[in-house]
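Asker: The listed protein sequences derive, respectively, from chains B and G.
As numbered in my numbering, residues 1 to 380 make up the first sequence, in order.
As numbered in my numbering, residues 1001 to 1264 make up the second sequence, in order.
Take the hints with a grain of salt, since some may be wrong.
Result set (SDA-like, lysine to any residue): computed pairs, CA atoms no more than 25 Å apart in a straight line [claimed, not checked]:
{"#": "1", "chain 1": "B", "residue 1": "193", "chain 2": "G", "residue 2": "1041"}
{"#": "2", "chain 1": "B", "residue 1": "156", "chain 2": "B", "residue 2": "198"}
{"#": "3", "chain 1": "B", "residue 1": "169", "chain 2": "G", "residue 2": "1132"}
{"#": "4", "chain 1": "B", "residue 1": "169", "chain 2": "G", "residue 2": "1210"}
{"#": "5", "chain 1": "B", "residue 1": "169", "chain 2": "G", "residue 2": "1130"}
{"#": "6", "chain 1": "B", "residue 1": "367", "chain 2": "B", "residue 2": "276"}
{"#": "7", "chain 1": "B", "residue 1": "167", "chain 2": "G", "residue 2": "1129"}
{"#": "8", "chain 1": "B", "residue 1": "241", "chain 2": "B", "residue 2": "292"}
{"#": "9", "chain 1": "B", "residue 1": "346", "chain 2": "B", "residue 2": "137"}
{"#": "10", "chain 1": "B", "residue 1": "169", "chain 2": "G", "residue 2": "1041"}
{"#": "11", "chain 1": "B", "residue 1": "198", "chain 2": "G", "residue 2": "1041"}
{"#": "12", "chain 1": "B", "residue 1": "156", "chain 2": "B", "residue 2": "246"}
{"#": "13", "chain 1": "B", "residue 1": "169", "chain 2": "G", "residue 2": "1125"}
{"#": "14", "chain 1": "B", "residue 1": "347", "chain 2": "G", "residue 2": "1041"}
Computed spacing ranges between beta-carbons, pair by pair [to be verified]:
{"#": "15", "chain 1": "G", "residue 1": "1127", "chain 2": "B", "residue 2": "289", "range": "36 to 46 Å"}
{"#": "16", "chain 1": "G", "residue 1": "1064", "chain 2": "B", "residue 2": "96", "range": "40 to 50 Å"}
{"#": "17", "chain 1": "G", "residue 1": "1083", "chain 2": "B", "residue 2": "301", "range": "51 to 61 Å"}
{"#": "18", "chain 1": "B", "residue 1": "89", "chain 2": "G", "residue 2": "1114", "range": "48 to 58 Å"}
{"#": "19", "chain 1": "B", "residue 1": "264", "chain 2": "G", "residue 2": "1035", "range": "32 to 42 Å"}
{"#": "20", "chain 1": "B", "residue 1": "370", "chain 2": "G", "residue 2": "1127", "range": "31 to 41 Å"}
No lab work stands behind these hints: they were computed from the structure.
C-beta atoms are modelled at their ideal positions from N, C-alpha and C, and glycine is treated no differently.
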Amino acid sequence: MVGNTEPFIVAYQNSVSFLSQARAWLAAAMALLGCALLTACGGSGEAAGGGEVKTVTIASIAYPYQGKQVYNGVNGVVIEQGWLKEQLAKKGVDLVFTPVSTAVGGPLINEGFSGKRIDFASYGDFPAVIAVAGGVPLKIVAPVGQGQDVYIVVRKGLAARSIADLKGKRIALHRGRPWELPFSKLVDSSGLKLSDFKIVNINPSATPAALQSGSVDAAVLLSDGLLVEQKGIGRVIWSTKQASADWKMRAELFGRADFVDAHPDLTQLVVEAFVRAAAWASDEANKAEVIRRAARGALPEDIVAKDYAESGIAWRERFSPIFGPAVREHYRSVADYALERGLIRKKVDTGALLDERFVDKALKDLKLEQFWAREGGARK
Amino acid sequence: MMAGRHFPSGASVPRLRNLPVGAFAAPVLLLGAWQLACLTGLFPQQVLVPPSGVAKALADMAGSGELQRHVGDSLHRLLVGFAIGAVSGMIFGAALALSRLLDAALSPLFLTLWQVPVIAFVPLMVMFLGIDEPFKIAVVAIAAFFPMALATFDGIRGVPRNWFDVAKIYRLRLHQLVRRILLPATVPAVLTGLRISLTRAWVVLVAAELLAADSGIGQMMEMGRQLFQIDVVLAGVVVSGLIGFLLDRGARWVESRATRWRAA
Chain B
1 MVGNTEPFIV
11 AYQNSVSFLS
21 QARAWLAAAM
31 ALLGCALLTA
41 CGGSGEAAGG
51 GEVKTVTIAS
61 IAYPYQGKQV
71 YNGVNGVVIE
81 QGWLKEQLAK
91 KGVDLVFTPV
101 STAVGGPLIN
111 EGFSGKRIDF
121 ASYGDFPAVI
131 AVAGGVPLKI
141 VAPVGQGQDV
151 YIVVRKGLAA
161 RSIADLKGKR
171 IALHRGRPWE
181 LPFSKLVDSS
191 GLKLSDFKIV
201 NINPSATPAA
211 LQSGSVDAAV
221 LLSDGLLVEQ
231 KGIGRVIWST
241 KQASADWKMR
251 AELFGRADFV
261 DAHPDLTQLV
271 VEAFVRAAAW
281 ASDEANKAEV
291 IRRAARGALP
301 EDIVAKDYAE
311 SGIAWRERFS
321 PIFGPAVREH
331 YRSVADYALE
341 RGLIRKKVDT
351 GALLDERFVD
361 KALKDLKLEQ
371 FWAREGGARK
Chain G
1001 MMAGRHFPSG
1011 ASVPRLRNLP
1021 VGAFAAPVLL
1031 LGAWQLACLT
1041 GLFPQQVLVP
1051 PSGVAKALAD
1061 MAGSGELQRH
1071 VGDSLHRLLV
1081 GFAIGAVSGM
1091 IFGAALALSR
1101 LLDAALSPLF
1111 LTLWQVPVIA
1121 FVPLMVMFLG
1131 IDEPFKIAVV
1141 AIAAFFPMAL
1151 ATFDGIRGVP
1161 RNWFDVAKIY
1171 RLRLHQLVRR
1181 ILLPATVPAV
1191 LTGLRISLTR
1201 AWVVLVAAEL
1211 LAADSGIGQM
1221 MEMGRQLFQI
1231 DVVLAGVVVS
1241 GLIGFLLDRG
1251 ARWVESRATR
1261 WRAA
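Next comes chain B alone, as it looks inside the complex (with noise of 0.2 Å):
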């Protein structure tokens, strides 16, 4: 196979001195395999080490907003309330929040998580489902909220009603997150195929305006649909909310495997922090606060009120950290779907992924064993 290879690659690294862009593809070939290696050793170092960690890095979804990074969820809770900070710098240990925009969101993640760069990201479901399978062992150390709903647009001015009026229309879609397993079975439940349409592969950054000039018939969006409806850009056709509570996408708190197993004492501070601040935004009287947080930056207020008043979720289950059945069973059916359709390329264990150790810790220490609904679902 080497072999094969070798005249194939000499050959394109010798234009080199011909090409400049030849040039800057191997710079980027060249900077890749640095990054690897680079991390390779330092990540070696650090397990072999026993555990010298100086930081903490968690990533999550943010949005500028005056001239600052807003961090979405329980994440910006977290930052907020200063204990985990405290906590870690009690041991000498700084804590990092690497701020993701959504325009890029987990692939991102998941080149951090790869590298060794990031130890901890709350994100969707898929990308880390990808990651998994591609060779990056993740850990889901605990749940951050019940789900989100995904949206389908139409731009205004499509007559279109359902998924199935849409065939040989060009949707956005932005490949590989997690809004792609929502609407793929709706497709393969309207008896279609993905081939039926003309996808297009951006962000949901561009998308609002995409749909606006009409360079796309639909998009498939999170909550930033009902922004696009409110706008009167886009109309609403179909939501999660119309299918069964599973369909919804989840997100969760990752932890890097390597880094959960080996500093077992700073993965728990960093569960407790965020069961803290789960238990802080669950409670009904913070319930304004929790949605003007939601909504600075990213969206309107009422928008962000709407989406989670139809989510059919209570207020206190909303950012429950409690592991499940629905949990175990929607990663089971994100990783073994995935796999089917081609997405991923290697079966994911997810009776590996969930780790339920730290959070259990953390309720009992927390005295919140009763807080939550302990029953899958948790629906109203």
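With the hints as your guide, set chain G onto chain B.
Answerer: For chain G alone, kept in the frame of chain B given last:
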């Protein structure tokens, strides 16, 4: 009447056959280091994909026809966009070189726009052209236009003044002037322009496909990134580099043939 004297860049002939063995050392070393790094097992194979893994990804994609589809789409865009961009660039460059008035009126704007990366025009182009084929063809056309216009301009301006005087004495008509003096005298410069704009257009096309497309070699790499299939990304690097290399080699070959014909 050696054109090479006036257009040094046009006189460059393929040098690959003269390359010393040493030129192969760096790529071979890199390849060896790459394979070695993979063999240490410090990183999972999916993350640090070995050269053999990239070859396998290429073979798999070629087997399923996916690779051919992406390459075909990209090359089609390149061909159409390049034809439009190169021809209009040639006409524009010639007009600028032959008319002092046009030169004075348009040169500053032209030279300013030439400094702007084509990718910077992407949002504007998406607004006006959408994200389908016209957009990608326009990206290629713009990328090809500027180097072509500049090369043609330089080529014509490089023709000695007294040749025009001779043409005047012989009372050559415009088409005769073009065919018998301008065309032969500017061929090397124009061919160099064609080669530069061709390879430049290819780079810009791949970059534009990374941003917005439903097919093509750039989109293949972007999808690979989004689905964390690094072997597909690297396969795209190899294929686009190779295609760029072959385009350049092909253009150089044409260039050297044409220059030989001129010299004879």
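Asker: Going straight from one Cα to the other, do residue 193 of chain B and residue 1041 of chain G come out at no more than 25 Å?
Answerer: violated (39 Å)
Asker: Checking one constraint from the list: CA of residue 169 of chain B to CA of residue 1210 of chain G, max 25 Å. Satisfied?
Answerer: holds (22 Å)
Asker: Is the straight-line distance between the alpha-carbon of residue 367 of chain B and that of residue 276 of chain B 25 Å or less?
Answerer: Roughly 11 Å between the alpha carbons, so the hint for residue 367 of chain B and residue 276 of chain B holds.
Asker: Hinted pair, alpha-carbon criterion (25 Å max): residue 167 of chain B, residue 1129 of chain G. Please report holds or violated.
Answerer: Distance ~23 Å between residue 167 of chain B and residue 1129 of chain G Cα, so the pair holds.
Asker: Checking one constraint from the list: CA of residue 169 of chain B to CA of residue 1130 of chain G, max 25 Å. Satisfied?
Answerer: holds (14 Å)
Asker: So the hint says 36 to 46 Å: do the beta-carbon atoms of residue 1127 of chain G and residue 289 of chain B match that?
Answerer: Taking Cβ atoms as reference, residue 1127 of chain G and residue 289 of chain B lie about 39 Å apart, which means the hint holds.
Asker: State, for the Cβ atoms of residue 264 of chain B and residue 1035 of chain G, whether the hinted interval 32 to 42 Å holds or is violated.
Answerer: holds (36 Å)
Asker: Verify the proposed pairing of residue 156 of chain B with residue 198 of chain B, using a straight-line Cα cut of 25 Å.
Answerer: holds (18 Å)
Asker: Run the distance test for residue 347 of chain B versus residue 1041 of chain G: straight-line Cα separation, threshold 25 Å.
Answerer: holds (21 Å)
Asker: If I claimed the Cβ atoms of residue 1083 of chain G and residue 301 of chain B lie 51 to 61 Å apart, would that claim hold in this structure?
Answerer: Check passed, 53 Å falls within 51 to 61 Å.
Asker: Do the alpha carbons of residue 198 of chain B and residue 1041 of chain G lie within 25 Å of each other, as the hint requires?
Answerer: violated (40 Å)
Asker: Holds or violated: residue 346 of chain B with residue 137 of chain B, Cα cutoff 25 Å?
Answerer: Distance of about 12 Å is within 25 Å: holds.
Hints 1, 10, 11, 12, 20 from the earlier list are contradicted by this structure; the remaining hints agree with it.
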